Structure formats: structure tokens, C-alpha cells
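Asks: These protein sequence lines map, in sequence, to chains A and B.
Take 1 as the starting number for the first sequence in the UniProt record's numbering and just add one per residue.
Take 1 as the starting number for the second sequence in the UniProt record's numbering and just add one per residue.
What the hints contain is simulated information worked out from the structure, not anything from laboratory work.
No experiment lies behind these values; they were computed from the predicted model shown.
In this text, a Cβ means the ideal position worked out from N, Cα and C, and glycines have one as well.
Just so you know, not all the hints are guaranteed correct.
[What the hints assert, rightly or not] Where chain A lies over chain B, by a calculated footprint (3+ residues, C-beta under 8 Å): (1) 203-215; (2) 225-232.
[Claimed, not checked] Taking lysine to any residue pairs in the SDA-like style, the calculated list, with each CA pair at most 25 Å apart, reads: (3) A/Lys103 with B/Glu209; (4) B/Lys225 with A/Ser131; (5) B/Lys225 with A/Arg106; (6) B/Lys225 with A/Ala110; (7) B/Lys225 with A/Gln100; (8) B/Lys225 with A/Arg128; (9) B/Lys225 with A/Gly132; (10) B/Lys225 with A/Ala126; (11) B/Lys225 with A/Gln137; (12) A/Lys103 with B/Lys225; (13) B/Lys225 with A/Arg112; (14) A/Lys103 with B/Pro229; (15) B/Lys225 with A/Val71; (16) A/Lys103 with B/Leu220; (17) B/Lys225 with A/Gly135; (18) A/Lys103 with B/Arg221; (19) A/Lys103 with B/Phe223; (20) B/Lys225 with A/Phe125; (21) A/Lys103 with B/Thr227; (22) B/Lys225 with A/Leu89; (23) A/Lys103 with B/Ile222; (24) B/Lys225 with A/Ala101; (25) B/Lys225 with A/His88; (26) B/Lys225 with A/Glu108; (27) B/Lys225 with A/Gln93; (28) B/Lys225 with A/Leu104; (29) B/Lys225 with A/Pro105; (30) B/Lys225 with A/Arg73; (31) A/Lys103 with B/Ser207; (32) A/Lys103 with B/Trp224; (33) A/Lys103 with B/Glu210; (34) A/Lys103 with B/Leu228; (35) B/Lys225 with A/Asp107; (36) B/Lys225 with A/Leu69.
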Amino acid sequence: MDVEIRGLTKAYGSTLAVQDLTCSIGKGEMIAFLGPSGCGKTTALRMIAGLVTPTAGEIEIGGRSISGLPVHRRNIGMLFQSYALFPHLTVAQNIAFGLQARKLPRDEIARRVREGMRLTRLEAFADRLPSGLSGGQQQRVALARALVIEPSVLLLDEPLGALDKNLREAMQMELRQIQQRLGITSIIVTHDQDEAMTLADRIVIMRAGRLEQVGAPAEVYGNPRSRFVAEFLGTANFLHGTVTANRDGAITLNVAGHAVSAAGTRAAPGAAATVFVRPEDVRLRPAGEPPAAEDRDWNRVPATVEKVTFRGPVTTIHLALPSGDTFVALRKNAKDRTVGPVAGDRIEACWPPSSAGLLEEEAPPSRSMN
Amino acid sequence: MSLASTPAAALAPPAMGRVAAASWRTRFEGQTGLLLLSPAVLFVTVLLIVPTLEMLSASIQTQDVAGSIGRPFTARHFVRLVEVPLYRDVLVATLRIAATTALLAAVIGFPIAAVIARGHPTAARCVNIIIVMPLVVSIVVRAYGWQLILANGPNGVVNVVGSWLGFGRVSVRMLYTEAAVVVGSLHVFLAMMVLPLASSLARIPRSLEEAARTLGASSLRIFWKVTLPLCLPGLSVGLTLVFTLTASSFVLPVILGGNKSQMLGQLLEQQATAVFDWPFSAAIAIVMVVMIFAVNALSLWFIRRQLNAGAIEAQS
Ligand SMILES: Nc1ncnc2c1ncn2[C@@H]1O[C@H](COP(=O)(O)OP(=O)(O)OP(=O)(O)O)[C@@H](O)[C@H]1O
Ligand SMILES: [Mg+2]
Numbered sequence: 001m002d003v004e005i006r007g008l009t010k011a012y013g014s015t016l017a018v019q020d021l022t023c024s025i026g027k028g029e030m031i032a033f034l035g036p037s038g039c040g041k042t043t044a045l046r047m048i049a050g051l052v053t054p055t056a057g058e059i060e061i062g063g064r065s066i067s068g069l070p071v072h073r074r075n076i077g078m079l080f081q082s083y084a085l086f087p088h089l090t091v092a093q094n095i096a097f098g099l100q101a102r103k104l105p106r107d108e109i110a111r112r113v114r115e116g117m118r119l120t121r122l123e124a125f126a127d128r129l130p131s132g133l134s135g136g137q138q139q140r141v142a143l144a145r146a147l148v149i150e151p152s153v154l155l156l157d158e159p160l161g162a163l164d165k166n167l168r169e170a171m172q173m174e175l176r177q178i179q180q181r182l183g184i185t186s187i188i189v190t191h192d193q194d195e196a197m198t199l200a201d202r203i204v205i206m207r208a209g210r211l212e213q214v215g216a217p218a219e220v221y222g223n224p225r226s227r228f229v230a231e232f233l234g235t236a237n238f239l240h241g242t243v244t245a246n247r248d249g250a251i252t253l254n255v256a257g258h259a260v261s262a263a264g265t266r267a268a269p270g271a272a273a274t275v276f277v278r279p280e281d282v283r284l285r286p287a288g289e290p291p292a293a294e295d296r297d298w299n300r301v302p303a304t305v306e307k308v309t310f311r312g313p314v315t316t317i318h319l320a321l322p323s324g325d326t327f328v329a330l331r332k333n334a335k336d337r338t339v340g341p342v343a344g345d346r347i348e349a350c351w352p353p354s355s356a357g358l359l360e361e362e363a364p365p366s367r368s369m370n
Numbered sequence: 001m002s003l004a005s006t007p008a009a010a011l012a013p014p015a016m017g018r019v020a021a022a023s024w025r026t027r028f029e030g031q032t033g034l035l036l037l038s039p040a041v042l043f044v045t046v047l048l049i050v051p052t053l054e055m056l057s058a059s060i061q062t063q064d065v066a067g068s069i070g071r072p073f074t075a076r077h078f079v080r081l082v083e084v085p086l087y088r089d090v091l092v093a094t095l096r097i098a099a100t101t102a103l104l105a106a107v108i109g110f111p112i113a114a115v116i117a118r119g120h121p122t123a124a125r126c127v128n129i130i131i132v133m134p135l136v137v138s139i140v141v142r143a144y145g146w147q148l149i150l151a152n153g154p155n156g157v158v159n160v161v162g163s164w165l166g167f168g169r170v171s172v173r174m175l176y177t178e179a180a181v182v183v184g185s186l187h188v189f190l191a192m193m194v195l196p197l198a199s200s201l202a203r204i205p206r207s208l209e210e211a212a213r214t215l216g217a218s219s220l221r222i223f224w225k226v227t228l229p230l231c232l233p234g235l236s237v238g239l240t241l242v243f244t245l246t247a248s249s250f251v252l253p254v255i256l257g258g259n260k261s262q263m264l265g266q267l268l269e270q271q272a273t274a275v276f277d278w279p280f281s282a283a284i285a286i287v288m289v290v291m292i293f294a295v296n297a298l299s300l301w302f303i304r305r306q307l308n309a310g311a312i313e314a315q316s
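Excised from the complex, chain A in its bound form (with noise of 0.2 Å):
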């Protein structure tokens, strides 16, 4: 592994920023800190940084500890919200400042300089000051700046959050491609989930300051442990009901007087739980209908439809259940689909037990140090 984080540890007067973090960065992967504001992202890329001193933890990188090195010895690439270029210099002079720290000669500082704005697409701009620059130009300027250095991790705190969202989609498309390209160990902060499934290869899901899961894009959205990382990345249905059967990797929900099965080995009968589907696994189809061959076996629930509401490429459309919970459903809307429900249609919600997961049993996050 190319960075080790290992027990890594902030605390503010009697609250924790970050509390014992632990993950590993392989070599040329890029890993995005995902969390709501304030969940400790920041503190912990700028622990990594060497711009704030952590509390408890070691941090490794190339296996060797870098606790003891100060920020300029570290060797890594950083890119801020504020893109942070330097006002008084032209892009051609805030690529070349960590070249000219690291007193290299001239003829390898301009090559370098070159590569870095072709690599950026901003030879246009070498003589440019910042300021004559537009938002995504700058973050360009700022990320060949950081990367002309070579740097052993480059680490981004939302780096896109200023940008509209086109250009941050365009930007987001040009950064992995450029880090991908490099093959350079990259940690991005965001705290939109979107972003962080486009660019990153694993993605750690922070709360107040805890690693709450780590996995692939695919696997944290298709197998979230809790309810919180279930929402946090994307829309969710949960059902909580008691536990009535758990056999051959499968368990059997009474949800309010119907049968929900579920994926699942953690449970025992009896014990409440809490189950989750995600909107687009959801199939809507008239109540009373009988069955199909192919979905005999998924789990259905009458439904009430509340709200239709048309999003372009889907559908949305909210319904109530008998438990008095809501339930969302995604419809594609093809060209050629049938007449969808309306509001105030009884209904049957329906999908394949294997879409629905069973969520760990959560206890309410602590902050504080004891």
C-alpha cells in the first residue's frame, strides 16, 4: 500500500474532528473522503498534508512515516476549494514555484513548466496573470502546479465546489483522466456523492469524524452497512419490521402484516430490523395482477401512489404504504412506454429480495472524547 493511515486522531478542545481513522491508499488509486459538512474531511487531508498536527495516528506514505516531516518536506501535491494561485505571479510562475524551491536547474524547470501546460491545456495562458482567468482555467493552473512537483500524493479538498455544474462535470472527466494517466495516489474530499462515484476507485464514507464504510463506488451503493450511508449516497426506501425467519443467507421481515425477505446473515427471529431497497430496483405494477414466472418470488406491498413527478430521463413516484411510511419508485421514461400510474391509483410495489439489504442496527454517533 502506497499511503497507510492508521489510528489518525484530531481533536479540537473536548470534540473530535477526525477520530481514529484508519485506511490504506494503494499506489496510483484515488480515494474520495465522502461525508456531510463538518464530518472531518478537511481536518483529515490537512493532517495528511502536515498543515494541521494530529492528535494520535501515524500517516505513512511510500512506507516510510512522514509524522515527523514538516509540510514543505513532504512532497505532495495539494489543490484547495479557492484554488489558492498566487496573485502576483502568471501561470507560466505559479507552475514553476515548487520547481524553483526545490532549486532545479533552469532548462529543467521550463521543460517541466511546458509539460504541465500542455498536460493542462493552458499553454495559451503562460504569461496571464490569475486573476485574468476564469474558475475552471484557474483550477487548471493550480492542479499543474501541483502536479509539475512530481508529488508522491496529491491531495484535493473539493476542488470543484466552486465550479457550475457543466464545467464540473467537464472537470471531473479531465482530472481522472489526467490522474489516471499519471497513475498518481490521489485523495479528493467532496461531500457530492456524485463526484466522488465518478472519480474515485474506493470511497471512504465519513460521520462526525468516524470512518462509517469504505468500499467501490458499486459495492458502498449496493451494500451500504447503515441507514446513513444508505442516504447519504442516493435515495433509499427503508422498512423496519421483526425479524420471522433467517435461513440459507436469506431473512424473512413481518413488515407490518407482509412477508419481506431480504439478503441478509445478521439477524436473528425476533429481533427488529431494518431493511433497505433502492428506488430504481422497485417495479410498480397493478394491485390484484397476478405474478409473472420471472418475479414469483419478489416481494411485494400494496401501495397507495401520492405524487408523480416527471424528471426527464425517470420518473419519480411516490407512494404510501399500508405501515404509513413513503416509498419511492424510478420509472426510465422510454418513448414507447405504456400510460404510467397517476396519483391516487391503488397499486403493488414490487422487487427481487436480492436488490433488498439488511442495515447494521446503528447507535447514534459520539463526538466527544469520552
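Given chain A's structure and the hints, the job is docking chain B with the ligands onto it.
Replies: Okay, now just chain B with the ligands, sitting in the frame of chain A:
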């Protein structure tokens, strides 16, 4: 200058479709503006512009034996100030003292400004108060205070402390030298350096220094390559203020400099009230004004050039 813009605004053609009443009101408001300005205009004209012109004319005329000033016109007084070694020394000493004070103020002021702009809020507030407080004490009082501290005899505070520390009975003879004037001026004018510097420093985002640090720059390098260049506007305001105030000061050189280290202000007073050579006095005054204008213009030009560099780029 402000006179010119107000009537111009009033005479500007009213926008299409604007009713006559509105245009009348605009004109009326323009005149109200003029009316409101007139006391200030009168004040400045009578008490600044007229005397300055009077002084300018005196500086290029001749004074006869009876003391009255008249033709022929001459540049002799200015030449005298530069050519007579006694006077030239005063001119040079004034420039030297002002420049030394300004530079020392910058060196001493920088760390103080850094504490105000970057330090712990409590520390920043305390330092701020310490720096600003001397401004509310009369300059004469402060000058006499320094006289006590720097006194050349065994009773001067510095010498008393020196003898405690074993440097002998009278270790420092500083009073009535240029150094004493510099020390006094530093104390009196330090705030003029620290405040603009601190505001300049506070405007530099911390992330710039953090970025520089992650890029591998040491603290020293960050100071020279990032902090200092971005502080230049505040620094040049501070340098200009301290230089100007020191060069034109009178009380401090009189009390702390004695007559060994005369500055232009003292020479002017002497020539005007003891020698009664008014054309020469006027010439000295004109030189002081021009000197101060020149330093201010230079500093303004420099700041504007710094700012323009950014602004012009932003437009393209
Ligand atoms: N210098 C500090 N002093 C005291 N508390 C701090 C300091 N810096 C951060 N914190 C606290 O630590 C917690 C984590 O902050 P952090 O900035 O790491 O959050 P974040 O996940 O980056 O949030 P955001 O998405 O809003 O940027 C917050 O509760 C914050 O108030
Ligand atoms: Mg943050």
C-alpha cells in the same frame, strides 16, 4: 476638482422620456451640492491656496535691507539651500533621518503587523492598543519622555539601566544626535507603518501560504516570494507616511536633536523668526512641500502600477 464634476453632472442631458420636473430637480440638486461644498472651498482657498501662492511668489523674489519683498525675481534662494554646505547638510540630514526612520519602521513594524493580522485575537487586540495609544498623547509630551530616557548624563534611564548591567556610569550618549531623532520619530510614527501593513497582511488568504508550503517552500522563501510581494501596497503606504511625517517634523528634532542635527523644519523656523529672511524661508518651505509631494506621487504611481497589472489582465 470636486467643483468641476458637480455642475457637469447637473448639465448632463436628461434621459429620454424623463419629465421636465425631474431634470429641474437634478439641476437643483447639483446646485445644492455646490452650496454645501462652498464653506470647504472657501476655507481651502483662503487658508491654503492663497498662502501657498503667496509663499511661492515670496520664494522667488528679493528682500531689501528694509525687509520688504519685491522684484527682481530670482532663483537665488533655492540655489543657496543647495550650494551653501551648512544648508545642504540640513537638507541631506532631513532626507537621511526620514529615510532611516521609514526603513527601520518597516523592519520593526512587520512582525508587529503580523501579530495584529495573524496572531491570537487577544494578542492582536493588545498589540493594536499599544501601537495606537501613543497617538492620543501629545507629541511634545512624548518627546520630553524620550529626552528623559535618552539623557546623556548618569540620570538618563538608558544609562541607569546600563550601569545596573555593568556598562559603566554613562554608557550611551545619544540625546541630541540624529539617532535620538530617529528613535523618537520611530515611536511616534510606528502606528503609521503598522496599521496599513497589518491591513495588507490580513488581506492575504492563508491558503496562499499553505499552498506555497505544500509546494516545498521554506518559511523564509514564503516570506520573500509570497507575503512580501503581496504586502507591497501597505508597505509603500507605510513608508510614505513615516517618511513624510518625519521629514516635516519640527518638535522632535528640536527636543531630541538639539542644534547639532538640524532638520529643515528647524532651519525654516530659525530663518523665519530669528533671521527674518522670508524669501529663503519660503524657499525652504517649498522644497519641503515638493519633497513630500514627490515621495507621495512615487508611492501612488507604484501602488497604481501594482493594481493595474491585475485589473488590465482581468479585462482581457
Ligand atoms: N481550527 C479548528 N478549531 C476548532 N474546531 C475545528 C477547527 N477546524 C475544524 N474544526 C471542527 O472540526 C470538525 C470537522 O471540520 P472539517 O473542516 O474537517 O469538516 P469538513 O468535513 O471538511 O466539512 P465541510 O464539508 O463543511 O468542509 C467541525 O466540527 C469543525 O467545527
Ligand atoms: Mg471541508
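Asks: If you test the structure against every hint from before, which numbers come out violated?
Replies: As far as the earlier hints go, not one is violated by this structure.
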